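*Asks:* Each chain, written out:
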Amino acid sequence: MRQFLKTALCLAVLAGTAVYPAVSAASDLELTITAPAGAGGGWDSAARSLQEAMMATGEAKSVQVVNVPGAGGTVGLAQFVGSAKGAADQLLVAGITLVGASISNNSPVDLTQVTPLARLTGDPLVVVVPKDSPIKSIDDLLATIKKDVATTIWVGGSAGGADHILAALITKSAGADPSKINYVAYSGGGEALAAMLGGQATAGVSGYGEWEGQIKSGDLRALAISYPEPIDGIEAKPLKAQGLDIELVNWRGIFAPPGVEGEDLETLQAAVDNTVKSQQWKDIVKARGWTDYYAPSDEFKGFIASETERVRAILTSIGLAQ
Amino acid sequence: MDAINLLIEGFSLAVQPANLIFAAIGVFIGTAVGVLPGIGPALTVALLLPVTFKLDPGGSIIMFAGIYYGGMYGGSTTAILLNTPGESAAVVTALEGNKMARSGRGGPALATAAIGSFVAALVATFALAFLAPPLVKVAVKFAPWDYFGLMLIAFVTVSATFGSSPLRGLTSLAFGLWLGLMGLDQLTGQARLTFGVAQLLDGVEVTTLAVGLFAIGEALHVASRHLYKPEKPIPVKGSIWMTREDWGRSWKAWLRGTVIGFPIGALPAGGAEIPTFLSYTMEKKLSRKPEEFGSGAIEGVAGPEAANNASAAGTLVPLLTLGLPTSATAAVMLAGFQQYNIQPGPLLFTQHADLVWGLVASLFIANVMLLVLNLPLVGLWVKLLRIPLPWLYGGILVFASMGTIAANPSVVELLLLSAFGVIGFLMRRYDYPVAPAVVGLILGPLADNALRRSLQMSLGDPMIFLQHPSSAIMIAVATIALIAPFVFKGLSRFQQDED
Amino acid sequence: MTGMGEAIASPDCAIEELMTERSLKPANRPAVVVAMVLFTVAAVTYWDASRMTARATYGMGANAASYFICLFLVVLSVGHLFAAFQTSADKAEDADWKAIGWIAVALSGLIGSIWLGAGFVLGSALLFAFTARAFGRKSLVVDGVIGLVMGVIIFLVFNKLLSLALPQGPFERLL
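These protein sequences, in sequence, are chains H, F and Z. Read left to right, the first sequence gives residues 1 to 322 (my numbering). Read left to right, the second sequence gives residues 1 to 499 (my numbering). Read left to right, the third sequence gives residues 1 to 175 (my numbering).
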């Protein structure tokens with residue numbers, strides 16, 4: 001066993017020397033970013049992208065990513081709030097899903113308890129129907145919902161997630177009772193895609209990027225995106241431009257622990273802001289297919305408060321929160 | 001013909017010496033990390049993905065293919081030698097494989113797993129290259145009611161792993177099903193059996209259960225008997241290679257396993273475990289020596305291992321043609337492809353045929369490399385059993401718990417692992433089979449979700465299962481498979497009475 | 001070694017304490033205990049299902065599966081009771097409870113080490129050394145050092161090469 005480990009180690013060293021290029025560190029920050037999700041997920045890749053960019057730009061000397069998966073991120077958030085209080089070398093990546101999960105899991109902690117540093121990216125959600133559906137526009141969809149909300153079958157990601165919230169908002173603005181929505185939850189956009197292509201659903205909601213291929217090939221018809229403004233390269237128009245007062249962005253941001261203030265906070269804010277404005281970060285965002293949705297600390301703070309209230313209201317209306 | 005030319009072009013890139021070395025490194029690291037108990041292929045690929053990024057695109061994709069196939073293969077080695085499956089798809093392999101290893105036939109067991117994986121991956125990669133676009137059209141038509149039918153068939157076949165007593169087998173299955181309830185319900189977000197513990201909201205990881213029941217349970221069991229019946233597995237008895245008879249019994253099982261594994265792997269929610277159960281049951285039914293099952297039948301290793309690897313290639317069908325990741329491993333793979341600027345989806349096969357064929361060629365090379373590297377290693381792996389027992393089991397426990405911590409660094413997870421270890425020990429001691437519990441945990445939530453999604457889509461009308469011919473047929477098959485043995489028993493008793 | 005083994009080796013000592021019905025033959029006791037455990041689990045499942053609040057708007061709710069498994073467990077429990085009174089189970093072989101105890105210490109060493117923030121390396125050293133002790137090795141120090149080296153190698157591979165953070169204590173921060 002030890003023999004084998006030694007060999008494995010040697011090989012790993014050989015292969016791994018290229019992973020960490022030496023960087024002339026302009027900063028001596030040694031940071032740890034908590035990704036409240038398992039390796040390979042959205043928050044994990046956001047955390048690792050930020051790690052890559054901060055080290056490439058020299059805004060931090062070393063950055064480590066720690067994965068704390070569980071319960072839509074609430075386990076990681078609770079641990080972060082509990083153990084990192086006041087620590088100026090700890091960061092957390094989180095997003096709108098965590099806002100919803102804190103509410104529907106009745107979690108004792110939520111994002112208003114941590115210190116927002118910056119909003120980073122925001123991806124649009126898209127509303128689609130199968131290609132041979134008689135529904136041609138968002139107005140057709142609204143009419144279908146109004147006619148019979150029960151037989152309008154929606155598919156999308158997990159119950160109480162951003163997809164479910166958007167479907168509920170649309171149902172509500174069609175004049176139907178959102179608590180009567182027939183939303184079939186899947187583990188994510190991928191599994192829901194199969195249900196869309198198989199023709200088992202009336203309409204579907206997912207992150208635009210996840211279904212982009214099928215939309216461009218014509219297998220799915222995109223009716224609208226949930227972003228407030230039109231986006232270059234996306235043909236579907238925003239819901240707002242089509243007369244519905246709905247916007248919902250799947251945003252991700254970076255946070256410091258509670259109790260970090262003064263000079264410590266300024267150092268972290270500067271490091272994050274410089275990283276986000278760098279070319280390296282812009283390249284990563286582009287390569288990953290994300291949409292830039294940057295907002296600085298102050299603006300982000302107000303945004304978190306308003307999102308929390310809004311999400312709570314919608315989840316209550318569909319019966320997922322008290 | 002165009003396809004063939006592109007494939008040849010892909011190969012000419014893949015066989016360059018530098019790329020062959022990348023393939024070898026990828027396969028080796030993939031196998032080495034995949035061998036560790038508790039570290040499944042998903043984590044292996046996720047961990048090693050960054051290693052490939054810094055190479056040139058051609059080299060990195062070849063190394064990546066090597067890591068993927070290596071990681072898929074690695075799980076079976078410890079399953080066979082130490083009764084400690086590295087991942088859930090290798091649980092079935094442990095059933096017969098470990099019995100073989102204990103009677104000194106670890107060499108042939110590892111060899112049939114390696115060659116079976118090779119054959120399956122070879123056939124399945126061909127199928128991937130030529131059948132993917134039509135196959136995926138059928139696969140997406142698979143609706144919740146069809147999945148429910150498939151799950152019923154899978155449930156009926158589980159009885160093959162029950163051993164001597166149906167009551168004990170069912171109890172083990174019920175334990176797995178009960179664990180499957182734990183966590184947030186996917187459809188409604190309702191928490192089940194979480195007792196207010198936030199860490200339980202995501203449910204029980206199949207890997208944690210499998211590693212706890214098998215690795216830790218086994219260590220406790222061996223330790224408890226150490227004083228009275230010191231266990232000395234015979235490292236090698238006879239040849240470490242497969243005999244003529246082994247070949248004769250293996251090759252059909254490889255092909256059957258492939259035929260089962262590939263299409264189920266291609267289903268958007270098929271997975272790698274279900275084909276291994278189905279293959280095991282089939283081999284037991286078809287074997288000329290069914291009495292050897294339970295004491296080390298080589299078909300019971302050959303079939304499931306082939307099915308496991310064929311389903312790994314099958315997973316690539318929805319991944320490449322739809323951009324649809326159907327397993328944790330596939331989700332990590334998707335991230336990898338995007339890094340190499342391959343955007344899987346409906347346009348990939350038509351617009352970027354060269355990339356597809358380059359990948360297929362890489363998979364072929366990785367597959368050959370896996371065989372070349374692993375057959376000589378069989379001898380080395382078998383020597384693992386010569387490590388003194390105290391160190392061997394000390395090492396197993398360290399690696400098993402490391403795998404759990406690496407995936408989820410939480411004390412709750414470690415407590416679960418230890419609790420499953422104790423339960424695994426008690427189950428072994430009182431002769432309850434452990435495999436059905438793992439099966440129950442995998443199938444339970446899938447069946448639950450499929451059933452309730454169907455009923456939600458039909459607004460509660462149960463006739464939906466019979467209105468669709470495909471699901472009606474599968475439910476009929478499951479019912480017949482369940483009832484037939486009783487009917488035959490009754491008939492034969494009736495005939496005896498006549499005599 | 002043997003002396004201690006005999007002292008603790010009464011095979012069903014744990015079960016004996018649970019048992020109240022003295023009239024049963026020892027061979028049947030495991031089945032009765034399993035029946036009782038199954039029934040308890042079924043009751044807990046029923047209690048949990050009965051207090052679920054989320055209702056499915058269409059089709060079945062999340063508690064349907066709970067009730068089904070609850071019923072299944074009750075049936076199995078009754079099955080075990082029947083089996084306990086009808087067939088006599090094979091006598092379980094003797095077990096070395098001391099070895100089991102050492103492994104329990106080994107696992108608690110790891111869990112405690114992670115819980116109290118002492119880090120992964122110390123935890124795996126304890127786990128390795130006490131497990132080896134369970135299998136009859138006497139030199140705890142040597143085994144502890146082997147475990148320590150193994151833990152350090154694993155930690156370095158994961159943290160430095162694969163950038164996946166294993167739990168850190170004071171010792172790991174020095175690495």
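What the hints contain is simulated information worked out from the structure, not anything from laboratory work. Accuracy of the hints is not assured; some may be wrong.
Only pairs whose alpha carbons sit at most 27 angstroms apart, straight line, appear in this in silico DSSO-like list of lysine-lysine [as the list claims (entries may be wrong)]: (1) H:Lys237 to H:Lys61; (2) H:Lys131 to F:Lys285; (3) F:Lys141 to H:Lys136; (4) F:Lys289 to F:Lys137; (5) H:Lys85 to H:Lys180; (6) H:Lys216 to F:Lys141; (7) H:Lys136 to F:Lys137; (8) F:Lys284 to F:Lys137; (9) H:Lys216 to F:Lys383; (10) H:Lys85 to H:Lys61; (11) H:Lys131 to F:Lys489; (12) Z:Lys138 to F:Lys383; (13) H:Lys237 to H:Lys216; (14) H:Lys282 to H:Lys147; (15) H:Lys216 to H:Lys301; (16) H:Lys61 to Z:Lys160; (17) H:Lys301 to H:Lys286.
None of the values given here were measured: they were computed from a predicted structure.
*Asks:* All the hints need checking, so say for each whether the structure fits it.
*Replies:* The hints, checked one at a time:
Proposed proximity of H:Lys237 and H:Lys61 is contradicted: the alpha carbons are some 43 angstroms apart, above 27 angstroms. Taking the CA atoms of H:Lys131 and F:Lys285, the gap is near 45 angstroms; set against the 27 angstroms cutoff, the hint is violated. At most 27 angstroms may separate the alpha-carbon atoms for a hinted pair to count; F:Lys141 and H:Lys136 meet this at roughly 23 angstroms. For the hint pairing F:Lys289 with F:Lys137, the CA-to-CA distance comes to about 40 angstroms; that exceeds 27 angstroms, so the pair is violated.
A distance of roughly 42 angstroms separates the Cα atoms of H:Lys85 and H:Lys180; the hinted pair therefore is violated under the 27 angstroms criterion. Taken as a hint, the H:Lys216 and F:Lys141 pair is honoured in the structure, with Cα atoms around 21 angstroms apart against an allowance of 27 angstroms. Restraint check for H:Lys136 and F:Lys137: satisfied, since their Cα atoms lie roughly 23 angstroms apart, inside the 27 angstroms limit. Our distance criterion of 27 angstroms between C-alpha atoms is broken by F:Lys284 and F:Lys137, whose separation comes to about 33 angstroms.
With a C-alpha separation of about 55 angstroms, the suggested pairing of H:Lys216 with F:Lys383 is violated against the 27 angstroms cut-off. Between the alpha carbons of H:Lys85 and H:Lys61 the distance comes to roughly 22 angstroms, so the proposed pair stays at or under 27 angstroms and holds. Distance hint between H:Lys131 and F:Lys489 is unfulfilled; the C-alpha atoms sit about 52 angstroms from each other, more than 27 angstroms. Distance check on the hinted pair: Z:Lys138 and F:Lys383 sit about 24 angstroms apart at the alpha-carbon level, within 27 angstroms; holds.
Between the alpha carbons of H:Lys237 and H:Lys216 the distance comes to roughly 15 angstroms, so the proposed pair stays at or under 27 angstroms and holds. Distance check on the hinted pair: H:Lys282 and H:Lys147 sit about 45 angstroms apart at the alpha-carbon level, beyond 27 angstroms; violated. At roughly 36 angstroms between alpha-carbon atoms, H:Lys216 and H:Lys301 are farther apart than 27 angstroms, so this suggested pair is violated. Between H:Lys61 and Z:Lys160, the direct Cα distance comes to roughly 14 angstroms. Compliance with the 27 angstroms bound is thereby established for this hinted pair.
About 26 angstroms separates the Cα atoms of H:Lys301 and H:Lys286, which keeps this hinted pair within 27 angstroms; it holds.
Hints 1, 2, 4, 5, 8, 9, 11, 14, 15 from the earlier list are contradicted by this structure; the remaining hints agree with it.
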